[in-house]
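Here the protein sequences come in this chain order: A and B.
Per this note's numbering, the first sequence starts with residue 230, numbered consecutively.
Per this note's numbering, the second sequence starts with residue 230, numbered consecutively.
Treat each hint with caution, since some may be false.
Since the list can't tell identical chains apart, any single copy or any two copies may satisfy a pair.
Stated by the list, open to error - Straight-line distance between alpha carbons at most 27 Å, and here's what the computed BS3-like set of lysine-lysine pairs gives: (1) LYS231 x LYS373; (2) LYS437 x LYS562; (3) LYS306 x LYS246; (4) LYS231 x LYS533; (5) LYS373 x LYS312; (6) LYS373 x LYS531; (7) LYS428 x LYS562; (8) LYS303 x LYS373; (9) LYS498 x LYS238; (10) LYS312 x LYS238; (11) LYS279 x LYS498; (12) LYS498 x LYS526; (13) LYS562 x LYS371; (14) LYS312 x LYS371; (15) LYS531 x LYS246; (16) LYS231 x LYS312; (17) LYS487 x LYS437; (18) LYS562 x LYS526; (19) LYS526 x LYS234; (20) LYS437 x LYS238; (21) LYS437 x LYS303; (22) LYS437 x LYS312; (23) LYS306 x LYS428; (24) LYS306 x LYS437; (25) LYS312 x LYS246; (26) LYS279 x LYS526.
Read the hints as simulated data drawn from the structure, not as lab findings.
2 protein chains.
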Amino acid sequence: MKARKYVVKNHFNGIPKREDYEVIEYELPSLVDGDILIKAEWVSVDPYMKVFSSNFPTPYDQFGFQTGVVLESKDPKYPRGTKVVSHAGWCDYCVINPGKFTSDFEIIYKMPDLQDLSDSIALSAAGMVGATAYFGLLEICKPKAGETLVVTVAAGAVGSIVGQIGMIVGCRVVGFTGSDEKVRWLEDEIGYDRAFNYKTTDIDEALKEAAPDGVDCYFDNVGGEMSSIIMNHMNEFGRVSVCGCISAYTAEEDNFPKASTTQLNIFLKQLKIEGFIVLRWLNEWPTAFRDITSWIKSGEIKIKEHVLEGFDNIFDAFISMISGANTGKVVVKL
Amino acid sequence: MKARKYVVKNHFNGIPKREDYEVIEYELPSLVDGDILIKAEWVSVDPYMKVFSSNFPTPYDQFGFQTGVVLESKDPKYPRGTKVVSHAGWCDYCVINPGKFTSDFEIIYKMPDLQDLSDSIALSAAGMVGATAYFGLLEICKPKAGETLVVTVAAGAVGSIVGQIGMIVGCRVVGFTGSDEKVRWLEDEIGYDRAFNYKTTDIDEALKEAAPDGVDCYFDNVGGEMSSIIMNHMNEFGRVSVCGCISAYTAEEDNFPKASTTQLNIFLKQLKIEGFIVLRWLNEWPTAFRDITSWIKSGEIKIKEHVLEGFDNIFDAFISMISGANTGKVVVKL
Numbered sequence: 230m231k232a233r234k235y236v237v238k239n240h241f242n243g244i245p246k247r248e249d250y251e252v253i254e255y256e257l258p259s260l261v262d263g264d265i266l267i268k269a270e271w272v273s274v275d276p277y278m279k280v281f282s283s284n285f286p287t288p289y290d291q292f293g294f295q296t297g298v299v300l301e302s303k304d305p306k307y308p309r310g311t312k313v314v315s316h317a318g319w320c321d322y323c324v325i326n327p328g329k330f331t332s333d334f335e336i337i338y339k340m341p342d343l344q345d346l347s348d349s350i351a352l353s354a355a356g357m358v359g360a361t362a363y364f365g366l367l368e369i370c371k372p373k374a375g376e377t378l379v380v381t382v383a384a385g386a387v388g389s390i391v392g393q394i395g396m397i398v399g400c401r402v403v404g405f406t407g408s409d410e411k412v413r414w415l416e417d418e419i420g421y422d423r424a425f426n427y428k429t430t431d432i433d434e435a436l437k438e439a440a441p442d443g444v445d446c447y448f449d450n451v452g453g454e455m456s457s458i459i460m461n462h463m464n465e466f467g468r469v470s471v472c473g474c475i476s477a478y479t480a481e482e483d484n485f486p487k488a489s490t491t492q493l494n495i496f497l498k499q500l501k502i503e504g505f506i507v508l509r510w511l512n513e514w515p516t517a518f519r520d521i522t523s524w525i526k527s528g529e530i531k532i533k534e535h536v537l538e539g540f541d542n543i544f545d546a547f548i549s550m551i552s553g554a555n556t557g558k559v560v561v562k563l
Numbered sequence: 230m231k232a233r234k235y236v237v238k239n240h241f242n243g244i245p246k247r248e249d250y251e252v253i254e255y256e257l258p259s260l261v262d263g264d265i266l267i268k269a270e271w272v273s274v275d276p277y278m279k280v281f282s283s284n285f286p287t288p289y290d291q292f293g294f295q296t297g298v299v300l301e302s303k304d305p306k307y308p309r310g311t312k313v314v315s316h317a318g319w320c321d322y323c324v325i326n327p328g329k330f331t332s333d334f335e336i337i338y339k340m341p342d343l344q345d346l347s348d349s350i351a352l353s354a355a356g357m358v359g360a361t362a363y364f365g366l367l368e369i370c371k372p373k374a375g376e377t378l379v380v381t382v383a384a385g386a387v388g389s390i391v392g393q394i395g396m397i398v399g400c401r402v403v404g405f406t407g408s409d410e411k412v413r414w415l416e417d418e419i420g421y422d423r424a425f426n427y428k429t430t431d432i433d434e435a436l437k438e439a440a441p442d443g444v445d446c447y448f449d450n451v452g453g454e455m456s457s458i459i460m461n462h463m464n465e466f467g468r469v470s471v472c473g474c475i476s477a478y479t480a481e482e483d484n485f486p487k488a489s490t491t492q493l494n495i496f497l498k499q500l501k502i503e504g505f506i507v508l509r510w511l512n513e514w515p516t517a518f519r520d521i522t523s524w525i526k527s528g529e530i531k532i533k534e535h536v537l538e539g540f541d542n543i544f545d546a547f548i549s550m551i552s553g554a555n556t557g558k559v560v561v562k563l
């Protein structure tokens, strides 16, 4: 049986290019003991595919979450017909052996109970993205009712869920995003207290107005000067959850972005800043999926997906996501 | 009875100047219920006297720790003859009412048991300075045996104790300081594994050599680019204790120092950075004093004091400390 997969040939230099990938068609091996054959149904594209690229020697198979169904199985834990979420990446079919997983990047679990929502949700709000928002906010920022939460990349897949969990906790939520259309979506549909287009706004003035009592929690996706300015507004014992650093992702090594030093604020205001990779809570992801799914069903969390179709369009979906052209989570239906 | 005190007339602009102070002689009030009259014996000069200046409207009495003896008392908790450590500042005599303290900056406690060491130690290793090193390192960095600890301002009053507590824990300790003489003192007398003069050293190269297994704990007194470079060398789940930010202290507001953004390291390495003001552990200071005093007596911690004499020399002692001209803790004997 034939399968196709995207292989990364070259580490990305700036924005990934189509030539950095090769799509390979190959004959799947026959199943040996412990193997399962998965037919992919939905494939995810996410920023970490770029950020962590340099950790892997090329060529490597593009990793990433996908949902699928087990077509054949020699692993009794995943019998034929089981719906699974795995980190098998950008492929249409694959054979994997869960019992022999050795690295943190080899992951499989059964499809969570999505209460009739689309399986694609297992790649967004009820997947790694949702877990990132859930644990990154609740475990690191530890927001309390009445506090002010600031979110950057606020209309992104993670940021839009962070803000809504903040609202459920009872925070005042202020977001920064990259277009007026996204500002309207955040304020009018998602329900952020205030949102701003960072490209056309003085961040300092915006926070004076939108966070008059100061900022208690900051969910940081950008780093750089924007984060330095936000940290000027933080209250004593404020908490910062560092989930990403877009300002640095595309920088060349000898042109790394500079920003006002943050240590004076960290010291004087006794701030706590913590970075995280959501895999550290992998065993607790089901808790996040259960809560978020029920919040979606109750209407407390609204989600937006941007769906592209077809195996051949996965690369375009990836670039669309990286460029910030879309609002919400980009997923590909095979 | 006459007393003298230093009053800050103007907020400091850059290095404090003698004209920013006025020494006032005044008649002490007679004691009312709850008052105590203290004769100061040792007076401390510390960086936070500059850093926190702008929190107080001028004119204000210069705050700071001092040791002294109770000459008269209408507070049964501090009878005549009691040795006390208080935050009564740069004065020779004072009347205070401990029962009516309202601010965090009003502090008094009985002289800890110094096991025959000089009372001046209650202003350094067995005082706020020692508590800063003890809790800032142990509670925030949480160092473990075999880990590598980096300390900036390593020969300072706090830094030199931080490094030695790190050694007691079993860390490899690497320090950065501002002169070759201090490097020799740290390596030859204090026992740092390695020390470097940051003014004449490539920090990145120094760490490649001195911390080949990466940095697990960083006690940060400087901020700025030096801290950004050190954070490039940190290991996953590294901890940074932010105790100060010398790079920013003398900066003017429109010329705040810029440094390479740290968020990428914070995110990818899941670092935890926390700033602190040691008053948060005030109730636990006696534990630090007891441990540090016994470490001094056992020889595990070596201390160095730079003693100036006379009430009239407190300002000079302050400037000497700020300029970094001396090694170890600067104290004034009245």
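A quick look at each hint next to the structure:
1. In this homomeric assembly, LYS231 and LYS373 never come within 27 Å of each other (Cα to Cα): the closest approach is 52 Å inside a single copy and 52 Å across copies.
2. In this homomeric assembly, LYS437 and LYS562 never come within 27 Å of each other (Cα to Cα): the closest approach is 43 Å inside a single copy and 47 Å across copies.
3. In this homomeric assembly, LYS306 and LYS246 never come within 27 Å of each other (Cα to Cα): the closest approach is 39 Å inside a single copy and 75 Å across copies.
4. In this assembly of identical chains, the alpha carbons of LYS231 and LYS533 never lie at most 27 Å apart, being 34 Å within a copy and 75 Å across copies at closest.
5. In this assembly of identical chains, LYS373 and LYS312 lie within 27 Å of each other by CA distance neither inside one copy nor across copies; the values are 37 Å within and 44 Å between.
6. Proximity of LYS373 to LYS531 under the C-alpha cut-off of 27 Å is restricted to the intra-copy arrangement: shortest distance 21 Å within a copy versus 44 Å between copies.
7. With identical chains, the CA atoms of LYS428 and LYS562 are never at most 27 Å apart, being 32 Å at best within one copy and 58 Å at best between copies.
8. In this assembly of identical chains, the alpha carbons of LYS303 and LYS373 never lie at most 27 Å apart, being 48 Å within a copy and 45 Å across copies at closest.
9. Proximity of LYS498 to LYS238 under the C-alpha cut-off of 27 Å is restricted to the inter-copy arrangement: shortest distance 26 Å between copies versus 46 Å within a copy.
10. With identical chains, the CA atoms of LYS312 and LYS238 are never at most 27 Å apart, being 31 Å at best within one copy and 73 Å at best between copies.
11. Proximity of LYS279 and LYS498 under a CA criterion of 27 Å is satisfied inter-copy only: 16 Å between copies versus 34 Å inside one chain copy.
12. In the homo-oligomer, the alpha carbons of LYS498 and LYS526 never lie at most 27 Å apart, since the shortest distance is 39 Å inside one protomer and 35 Å across protomers.
13. For the identical chains of this complex, LYS562 and LYS371 are neighbours neither inside a copy (35 Å) nor across copies (47 Å), given an alpha-carbon limit of 27 Å.
14. Taking the closest pair of Cα atoms, LYS312 and LYS371 never come within 27 Å of each other, the shortest separation being 33 Å inside a single copy and 43 Å across copies.
15. For the identical chains of this complex, LYS531 and LYS246 are neighbours neither inside a copy (33 Å) nor across copies (59 Å), given an alpha-carbon limit of 27 Å.
16. For the identical chains of this complex, LYS231 and LYS312 are intra-copy neighbours only, at 21 Å inside a copy versus 86 Å across copies, given an alpha-carbon limit of 27 Å.
17. Taking the shortest alpha-carbon separations for LYS487 and LYS437, both the intra-copy value of 24 Å and the inter-copy value of 23 Å come in at or below 27 Å.
18. In this homomeric assembly, LYS562 and LYS526 come within 27 Å of each other (Cα to Cα) only inside a single copy, at 22 Å, whereas the closest approach across copies is 71 Å.
19. Taking the closest pair of Cα atoms, LYS526 and LYS234 never come within 27 Å of each other, the shortest separation being 34 Å inside a single copy and 68 Å across copies.
20. Proximity of LYS437 to LYS238 under the C-alpha cut-off of 27 Å is found in neither arrangement, the shortest distances being 47 Å within a copy and 31 Å between copies.
21. In the homo-oligomer, the alpha carbons of LYS437 and LYS303 never lie at most 27 Å apart, since the shortest distance is 60 Å inside one protomer and 48 Å across protomers.
22. Neither within a single protomer nor between protomers do LYS437 and LYS312 lie at most 27 Å apart by alpha-carbon distance, with minima of 49 Å and 48 Å respectively.
23. In this assembly of identical chains, LYS306 and LYS428 lie within 27 Å of each other by CA distance neither inside one copy nor across copies; the values are 50 Å within and 61 Å between.
24. For the identical chains of this complex, LYS306 and LYS437 are neighbours neither inside a copy (55 Å) nor across copies (47 Å), given an alpha-carbon limit of 27 Å.
25. Taking the shortest alpha-carbon separations for LYS312 and LYS246, neither the intra-copy value of 32 Å nor the inter-copy value of 73 Å comes in at or below 27 Å.
26. Taking CA atoms no more than 27 Å apart as the test, LYS279 paired with LYS526 passes in neither setting, with 32 Å inside one copy and 55 Å between copies.
Comparing the model with each numbered hint stated earlier shows that hints 1, 2, 3, 4, 5, 7, 8, 10, 12, 13, 14, 15, 19, 20, 21, 22, 23, 24, 25, 26 do not hold.
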